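Peer 1: So the sequence lines, in the order shown, correspond to chains A and B.
Numbering (our numbering) for the first sequence: 1 to 199.
Numbering (our numbering) for the second sequence: 1 to 199.
Rather than coming from a laboratory, the hints here were simulated on the basis of the structure.
All values derive from a computational prediction rather than experimental measurement.
Some clues are possibly wrong.
What the hints assert, rightly or not - Ranges between beta-carbon positions, derived for each pair:
hint: 1; chain 1: A; residue 1: D117; chain 2: B; residue 2: A110; range: 34 to 44 Å
hint: 2; chain 1: A; residue 1: A7; chain 2: B; residue 2: A132; range: 58 to 68 Å
hint: 3; chain 1: B; residue 1: A174; chain 2: A; residue 2: A96; range: 15 to 25 Å
hint: 4; chain 1: A; residue 1: A44; chain 2: B; residue 2: G39; range: 41 to 51 Å
hint: 5; chain 1: B; residue 1: A132; chain 2: A; residue 2: A114; range: 33 to 43 Å
What the hints assert, rightly or not - Listed next, the stretches of chain B that the computed footprint assigns to chain A, with coverage defined by at least 3 CB atoms under 8 Å from CB atoms of chain A:
hint: 6; stretch: 11-25
hint: 7; stretch: 120-132
Claimed, not checked - Facing chain A, according to a computed beta carbon distance under 10 Å, are these residues of chain B, among others:
hint: 8; residue: L104
hint: 9; residue: F105
hint: 10; residue: R108
hint: 11; residue: L163
hint: 12; residue: K168
hint: 13; residue: G170
hint: 14; residue: G179
hint: 15; residue: V189
hint: 16; residue: R194
C-beta: ideal position from N, C-alpha, C; glycine also.
Chain by chain, the residues:
Protein chains: 2
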Amino acid sequence: MGRPRRADLRQALLLAAERRIDEAGLAALKARELTREVGCALGALYTAYPDLDALALAVNARTLDALEAALDAVPDGPPADRLPALALAYLDYAAAHRRRWAALFEHRMADGRAAPDWYHDRLARLFCHVEAPLAALRPGMGSAARARLARSLFSAVHGVVALGLDEKVGPMPATTLRGHLRVLVDALVTGLARPRPRR
Amino acid sequence: MGRPRRADLRQALLLAAERRIDEAGLAALKARELTREVGCALGALYTAYPDLDALALAVNARTLDALEAALDAVPDGPPADRLPALALAYLDYAAAHRRRWAALFEHRMADGRAAPDWYHDRLARLFCHVEAPLAALRPGMGSAARARLARSLFSAVHGVVALGLDEKVGPMPATTLRGHLRVLVDALVTGLARPRPRR
Numbered sequence: 001m002g003r004p005r006r007a008d009l010r011q012a013l014l015l016a017a018e019r020r021i022d023e024a025g026l027a028a029l030k031a032r033e034l035t036r037e038v039g040c041a042l043g044a045l046y047t048a049y050p051d052l053d054a055l056a057l058a059v060n061a062r063t064l065d066a067l068e069a070a071l072d073a074v075p076d077g078p079p080a081d082r083l084p085a086l087a088l089a090y091l092d093y094a095a096a097h098r099r100r101w102a103a104l105f106e107h108r109m110a111d112g113r114a115a116p117d118w119y120h121d122r123l124a125r126l127f128c129h130v131e132a133p134l135a136a137l138r139p140g141m142g143s144a145a146r147a148r149l150a151r152s153l154f155s156a157v158h159g160v161v162a163l164g165l166d167e168k169v170g171p172m173p174a175t176t177l178r179g180h181l182r183v184l185v186d187a188l189v190t191g192l193a194r195p196r197p198r199r
Numbered sequence: 001m002g003r004p005r006r007a008d009l010r011q012a013l014l015l016a017a018e019r020r021i022d023e024a025g026l027a028a029l030k031a032r033e034l035t036r037e038v039g040c041a042l043g044a045l046y047t048a049y050p051d052l053d054a055l056a057l058a059v060n061a062r063t064l065d066a067l068e069a070a071l072d073a074v075p076d077g078p079p080a081d082r083l084p085a086l087a088l089a090y091l092d093y094a095a096a097h098r099r100r101w102a103a104l105f106e107h108r109m110a111d112g113r114a115a116p117d118w119y120h121d122r123l124a125r126l127f128c129h130v131e132a133p134l135a136a137l138r139p140g141m142g143s144a145a146r147a148r149l150a151r152s153l154f155s156a157v158h159g160v161v162a163l164g165l166d167e168k169v170g171p172m173p174a175t176t177l178r179g180h181l182r183v184l185v186d187a188l189v190t191g192l193a194r195p196r197p198r199r
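Could you build the full structure based on these sequences and the hints that come with them?
Peer 2: Following this line, the structure appears as structure tokens:
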């Protein structure tokens, strides 16, 4: 066999890392195991990615692509329908890809470095899916406030999904969790459509 | 020195485990290090606690006590004031005790066992703090529905706090995070006080 091109090696390592995360979680991602599985020297990993963090971010970016595709598939409609449907699509993706999804939130850069700008831009694209229905719900809201609100809404939905799937607040059958999420997002939509004056 | 009584050993191990979690997180909790720090034999740990999981749960129960004390300190008032104040008190506790607080959600029993009933009862007491203002907000709601809603509300607030403190949805100065939480809980209070008819 010829020596694999760098792009092929990157792709092979990416898919191996994703499989490893799916099987055992982000904490199980180790350079030695990955290179053994891919059949390259340990040092070759560092010709393909600067470090293991960069590889983990590449897996997370692929997860964000898949998550975005799941949100793209939600049918268009008024915000009172679309926001709960987006929340349920998020739950469905998380439930179907537990470890890959958890890795999005578990990953920390080594030495407390910030994630690179491209990754933050990638995340921002995800939040656009929430900003669009918010713009319809609250046409008078400025774009910066809407961007912040989209992130809060995402975080709230994420909290219900994360603690629900882990059964951290009590037993949580799948249909119960869907019901909880629906009630929460309905209340948010109602409350956001009719903001009460701040005191 | 005389041989420590079992209750003393339990307490010493509990405090050492809490310190270890505060310093390095739940994943750093190791039997060998703890017993070395406490100055007892490795086997003595298992006379004090059935296993490391039981010790982690004991630390978490202490954290829940402290968290409950923080929520108890929130002044009484109408639900539209009390619910946001409880959310901010939760944020303050989490921000001040990051790793100890994270351990509440990171801990998994070995072999996928369920946490013991006493731990679930302990958790339920925490949610009572949310159920009380909800009862004032929605007097007609049954107690089972209220218990579920309290858990959803808690989870939503938790999501904003957890992703906010970790800066997972973007840069998040402390005052920004407080603002996000306030907007979210205000919207929930408004929406829950005036539920829209289900279609």
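Peer 1: Which numbered hints turn out to be false for this structure?
Peer 2: Of the numbered hints given earlier, those the structure breaks are 3, 6, listed in rising order.
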